[in-house]
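Protein chains in written order, with this note's numbering: chain A, 1 to 304; chain B, 1 to 311; chain C, 1 to 498.
Please keep in mind that the hints were generated in silico from the structure rather than gathered at the bench. Model, not experiment: these values are computed from the prediction. Be aware that one or more of the hints could be misleading.
[Claimed, not checked] Once the Cα atoms are required to be at most 20 angstroms apart in a straight line, the calculated SDA-like pairs of lysine to any residue come out as: (1) B:Lys160 / A:Trp269; (2) A:Lys132 / B:Trp13; (3) C:Lys394 / A:Val159; (4) C:Lys214 / C:Asp478; (5) C:Lys248 / A:Val58; (6) C:Lys393 / B:Met40; (7) C:Lys394 / B:Lys10; (8) B:Lys160 / A:Arg139; (9) C:Lys297 / A:Arg139; (10) B:Lys10 / A:Val159; (11) C:Lys248 / A:Trp269; (12) C:Lys371 / A:Gly90; (13) C:Lys391 / B:Ile50; (14) C:Lys391 / B:Thr47; (15) C:Lys121 / B:Asn60; (16) C:Lys121 / B:Arg54; (17) C:Lys371 / A:Val58; (18) C:Lys394 / B:Trp13; (19) C:Lys125 / C:Thr143; (20) C:Lys121 / B:Asn81.
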Amino acid sequence: MSAIHDTQASLLEIAAPRLRFMAETLREVARRPSALIGGAMIAMVLIVSLSFPLFYSVDPLEQDLMARFTPPVWQDGGSWHYPLGTDNLGRDVLVRLLYGSRVSLLVGFSAVLVAELAGILLGLFSGYYGGKLDSLIMRVADIFMAYPFMLLTISVIAVLGSSIFNLILVLGLSDWVTYARTIRGSVLSLKKKEFVEASRAIGTPHRVIIFRHILPNVFSPMLVLGTLRVANIIIWESGLSFLGMGVPPPMPTWGRMLAEGRLYITDAWWLVTLPGLAIMVTILSINLLGDGLRDALDPRLRNV
Amino acid sequence: MGIMLQYLFKRLWHTVFVLIGISMISFFFIHLSGDPVMLMLPGDASTQEIETLREQLGFNDPLYAQYLRFAGNAAQGEFGNSLYYKVPAMALILERLPASLELAAAAMLIALVVAVPIGIVSAVRRGSMVDMGSMLGALFGLSMPHFWLGIMMIMLFSVKLGWLPTSGRGSLAQLVMPSLALGMSLMAMFARLTRSVMLEVLSLDYIRTARSKGLKESVVIYKHALKNAMIPLVTVAGMQFGFLLGGTVIIETVFAWPGVGRLVVQAIFNRDYPLVQATVLVLSVIFVAVNFLVDMLYMYLDPQISYFEDK
Amino acid sequence: MKRWSLLSLVALMAIALAVSPPPATAKDTLVVMQEAEPVGLDLMQSSIQTTMSVCYNIHDTLFHPQEDATVLPALAEKWEKIDDLTWKITLRKDAIFHNGEPVNAAAVKFSYDRINSEDLKSPNKGKLSAFTDLNVIDDHTFTIKTKEPYAPGLYMLGYYLPIVPPKYIQEVGNEKYNTDPVGSGPYRLKKWARGDEIVLEAFDKYYGPKPAYKTVIFKANPEESSRIAAMLTGEADVISGVPVLQRKRLEDSGKAYLTPQMGVMPYMGINTYEAPFNDVRVRQALNYAIDKELINKALFDGKAIICAGPISPRTFGHSPTLKPYPYDPAKARKLLKAAGHPDGIEARLAYPTYMAQIQEQAEAIAANMTKAGFKVTLEPFERAVMWERYKGKKHQLYIYWWDDAPEPDRYMYSLFNSTSRDYYYKNTAVDELLDKGRTVMDRAERAKVYAQIDEMLYQDAPWAFLYVVPEVFGVANDVDYQGRRDGFLNMRYAKPKM
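Between the sequences and the hints, there should be enough to build the whole structure, so can you do that?
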């Protein structure tokens, strides 16, 4: 009897605030115009990037060498056949931009997931168990902080070779520190909260406390941080592509389109300008959303 | 004072740990990525010649032995010769470092000089057109890849208008575009940071008190509010400076800026082990040192800060 | 408050706008901008184009190699053949090094020993491997011997044996010599600001004609568009690495003209040791699969020269009767089918990423091949990995390039003689002919030997033969400079245009 009662109580204890929290969150987020605009924009980007083959099915690899450097339609010499012109091999720039969005978004979001996963686990353990494990994890975090990020990723890619998967892994695993530190801070303060101390007192196993009591409470900072970091990762990915260490051809990516386009900067402005704009719009909408989420959920993160 | 010393000692120990960790990571990754012997010899070199050179350079020893040798030499400040340039690696770095420091410092300076006033105005006139405009601008600044901005500037200011030289280092004119491109996102970040910190400070009690005492608004803002807002600003600026040095790689490429970033990326591509290891270590030492200084400054600005990690 | 931010903005704009414009270069100074900075300035220690270019301004050799693979006197004044294996060479008497040391037979001997020495590890040692012995006769005369008769001997000496000062090098050592070289060329090193510029000044005691420009500054910029912009703004007087697409723009600017230099000869190497490319029909199919005409028209504005066999059509010794493999995907498919691959072949095509133009070509070629039944996976590798895999025989198909030197032995021997590189192809008949080609002293006879090699390799198709892309230098209108086939930026030949 009493065991059942306990379970119900703890379920209620966990579920009710979470529901309330979710509802509150939504209301809070909806009150921020920046979050709404950003959210709508990024939703648009996502929808377009997933569904464009339905209304614009062109092969991004199809070359028409004699039509290379066709300008966008609104310029002299442009045509509707290539709405945003062609690149140095006569490939359709519009469809390459659209495909590029997939790579950027995939790499951006997956790498953040990897980073969050690593960061959350390490941060939780570090903060919850403390002691030697904590110092070890924090020292390793120091190492990752002080190691010049670009050089770390380039050297790792030099060892592993470049592919989408490796890129996600490398970018993700190089970027766990911020999450781990934030989580650790939250855990340290949560550890002293009554409900955690209470469940510990009644002998609840550590993993239950960690994953059921503490984890849900660090959800919102992680969401906010993650959103803001997606933007950074996308920029880094394009930077690596720029240095020739990103996703290998023929798959089009924004960073590589930009890097290749800069060779033709004086003759085909659209090749370097458009991918940059695409990156900017995407990042801008993610940042808007992230800002809104932060203001709504976790104003303490303002300085991150 | 005892606590202070204890704290310093602990920091020092952490630093040593971090540097050893970094040297290990850089060592193993660069060694795992393939050996430079092939690149150093001409295409028609015999297997015999390849083996000889490998033996001479000590690449046939087990990796841990090579690392210990490297660490031992490094501890004595000896980093060996660059395999590619055939001169001491440290000399090469020291030759290039001023250029990188100059670029990072210029970017930081531009960012702070522009961003802090903007941030203050935005905070003081919260909700005004100025505020909204500059925060929107800052958001754009944050959302641009800096190398793209650099290329766009070259396109406009050098190719179209012919106002500024495209590349190189030496004159002030050559510093303008790279430092602006590099500093843009910092500028955006500082403007946002300054604004939010100022907002927080301005809502604090003592500011209200000061205002109610009838002090002039400018005095309130500059003397009382800004002083407090400086603390987080200094911390973030210090940290960013460290990041900046390691992050100038692409901008240095775009503008042919002769800094360490380009040097070390080429060194990675050339598998120039000594040069890569030395550069990574130097950049990390600078990062750690700057952070240490910032911490000291932090303590000075805010004596109440705890010297212990866990609050 | 407002004033403050305004003030700082104004100050910033003032900095941005009021900074000094790029300094106009004085008439006696020439600024040369290359793709990369030299790694060192000892000609014996480097085989990198951009490095050697600077070196040839500082170091002189015995001969001036010419465009038709003959030589003219430089430090050597006269030479005669004593027998098929021996040249007797007389030095001029008025040449000195920049530090005052005399250029004499002892210095030549020292230089010869130095390039062959173990601890220098000169990458150019192999290029002189035909020579066996150098003997000093008197202060200004010496003999040099080869194992076999060696037709390109003087030409190779003209490129790869810089004469260096013995006393200075013994004093400072190889390492310092690489950063502070002393040569006997028309220019001496004045200052090397690493990462920025190399300043050379005319050597006033130079034995040859005085160079027209008192100072030559070598700069480096890896970005193509920046080099072009530098040329247009007058920051640079001579630039290398002008991509095909930018050439017209440079010419139309009214500020600069183009001068041809070496040709880049890309090729697709084939691993002939492994299936399916051990079958000659598959290799020929590959040759039929590439639309070289279209690539030439689209990517090179029709300026490339299409190759039939491995010897460049601009190089002495190529076979004049060969016709390039035409683009014929149907025939390629037929050959594949005959070789037992009716459904086509999967292939890996590797290329290095540090040359943007090569990537463009690789992608175009891969698209061609797909139409002829090859399913291509592109394998972009950074420089070190590409080279390591090349030597480790790990490539299946790969794109590399060579320059189309006027002397066929310079690249054919390295690439196809299996005693030199035996990575992907071995043919004893070709080996023998290549050995023979070195020893035939009569020029017409020699041309026949190389034509025969060209034809054999055309049939056996160890490469997919591509094209030669003539490179150009961009030169400012007030400078008179003709590029040369070796592609080196030898500024002794530059002069102000009248």
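Evaluation of the provided hints:
no.: 1; hint: B:Lys160 / A:Trp269; verdict: 12 angstroms, holds
no.: 2; hint: A:Lys132 / B:Trp13; verdict: 15 angstroms, holds
no.: 3; hint: C:Lys394 / A:Val159; verdict: 17 angstroms, holds
no.: 4; hint: C:Lys214 / C:Asp478; verdict: 16 angstroms, holds
no.: 5; hint: C:Lys248 / A:Val58; verdict: 32 angstroms, violated
no.: 6; hint: C:Lys393 / B:Met40; verdict: 18 angstroms, holds
no.: 7; hint: C:Lys394 / B:Lys10; verdict: 51 angstroms, violated
no.: 8; hint: B:Lys160 / A:Arg139; verdict: 50 angstroms, violated
no.: 9; hint: C:Lys297 / A:Arg139; verdict: 59 angstroms, violated
no.: 10; hint: B:Lys10 / A:Val159; verdict: 35 angstroms, violated
no.: 11; hint: C:Lys248 / A:Trp269; verdict: 17 angstroms, holds
no.: 12; hint: C:Lys371 / A:Gly90; verdict: 17 angstroms, holds
no.: 13; hint: C:Lys391 / B:Ile50; verdict: 11 angstroms, holds
no.: 14; hint: C:Lys391 / B:Thr47; verdict: 10 angstroms, holds
no.: 15; hint: C:Lys121 / B:Asn60; verdict: 19 angstroms, holds
no.: 16; hint: C:Lys121 / B:Arg54; verdict: 13 angstroms, holds
no.: 17; hint: C:Lys371 / A:Val58; verdict: 18 angstroms, holds
no.: 18; hint: C:Lys394 / B:Trp13; verdict: 47 angstroms, violated
no.: 19; hint: C:Lys125 / C:Thr143; verdict: 19 angstroms, holds
no.: 20; hint: C:Lys121 / B:Asn81; verdict: 15 angstroms, holds
Consistency note: the structure conflicts with the earlier hints numbered 5, 7, 8, 9, 10 and 18.
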